[in-house]
Every structure is written in C-alpha cells, then in structure tokens.
Amino acid sequence: MIDRTCRLITFLWLIASSHAWFTAPIHGIGALLFPLRNLEIVALTRQQLDDISQFFVDEFWTNKVGGGTRELTQRQRKQLLQSQTAEFNSRYCNRNPNSALLVGYSGDTIVACVGVEVEKIPEDSLRGKIACRAPLMSNLVVRRSFRKRGIAEQMVAAIEDFTRDNDFEECYLYVEERNPAAVRLYQKLGYKPRWRDAEAKTLLPGSDGTLRQSDTVIICMKKDLTQRKTFFSIFS
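All letters in the sequence shown, in the order written, are residues -20 to -1, 1 to 216 by mature numbering (1 follows the signal peptide of the UniProt record, and there is no 0).
By construction, these hints were calculated from the structure, which means they are not laboratory data.
Misleading hints may appear alongside valid ones.
To be verified - Listed below are the simulated DSSO-like cross-link pairs for lysine-lysine, each with C-alpha atoms no more than 27 Å apart in a straight line: (1) 181 to 58; (2) 202 to 172; (3) 202 to 181; (4) 168 to 100.
Starting from the given sequences, assemble the full structure and let the hints guide the process.
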C-alpha cells in the first residue's frame, strides 16, 4: 500500500495544491492589511525533512480540496508521512542544481513551502506527447492560519527568481480546476492556461480511512519569466 501511495504522490507533487522579494507584487486586501513582514525563505535540507513532511501532511493532505477527510486516521497519516518524506528526499535533497523545495518561516514556525524541478512538459494532456523540458512549480502550500497575508505570492516569486538564476525563461505548473482560489492566484501572478486534462487522477484521503484515486481536471499553466512587471505596468 505504501509503495502504491508513493507512486501516486510522485504524480501529486506536480499539482499541489506552494526570492524573498519580487518586483511589483500584486496582493489581495488581506495581504495589504495584515502582511507578514518577517518571512524568511530557505532551501530545504535533509535536517528539515521530518518537519516539512509533517507540515505538508497537515496543511495539504488534511481536508484536501476535492472532498478529502477533515481528520486523517493514524494509518492514513503514517502512510502519507512516509511517502511524502521519501518524495521530498528523492526530488529535492539531491545534487540537482535545477531542483529545490523552498521553505518559508515566521520565526521558528514553518508557514509555507513550494518546489520546482525541471520536468518533461506534455503537449496537450498529462499523457500527451512531450513538448519540452522546463521548470515545473509544485507543492505550494501555506499554513491555514497564515493565509491571505501575501505569503503565497512571495513563495512563487522566490521560485521564479530561482528559476531565472538557473537560466530558464519560463515556468510551468499544474493546478486542479476545482481549486478556483489557486487558479485565480496563478492567473493574477501572470500564469496563463496552456491545456486542460479532464481525465486526470489525484489521491484523496477518504473519511473511511482509505487513500483512493479520485477523478479530477488538471490545468497546465505557463508564465514567461522574461517579462517583469513594474509598479506602473499594473495599471497599464
């Protein structure tokens, strides 16, 4: 069961529902009124693996968008924690200079994470012909009690700076269509839809204690990183 769960999470890292500063951030009213001013963003190390995996299980897998259970069973939590730790270790704790998981802290508290890795990007669906290899952002999660304070925007900006520093000019992501808040966030930050896959699958922790595959719709989005917004361009 754990091996199957790990394989599913290998796909899920691509669609999770994530630079300490970036040019002309576009924030919502909550971020303007209650901004988090002491956000520190660092790259994941193996010493942080257990803590960030626990954070991800609590903030992403618990009450997951799409009907996930509000409270994980001990068995679900154990399976997800083992698989998530293995996934983060494999993808981000390596010598690949083009992959990273960035972790946001407020003091000693983990408040957010987001990852990126160069991946094969399909042409028109998850099962389609490969169009290119490019940075794919994933695993953007913000702690519930810290949301609507501009943290997601700062984490995305950090990933975009990391991507530019590695000489890439574009960034892709996958997002579930049934997560409209995430879709709106990415659109606000300049990501544009490329294709829509109505036959995708996702992992969903059920209220019956199972981890099951669920039908979902995935939107692939892309941003041109060569175009930096200025303050005045927002109003143009």
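Each hint, compared with the structure:
1. 181 to 58: Given pair residue 181, residue 58 holds - Cα atoms ~22 Å apart, limit 27 Å.
2. 202 to 172: holds, 5 Å
3. 202 to 181: holds, 21 Å
4. 168 to 100: Given pair residue 168, residue 100 holds - Cα atoms ~25 Å apart, limit 27 Å.
Checked against the numbered hints above, the structure violates none of them.
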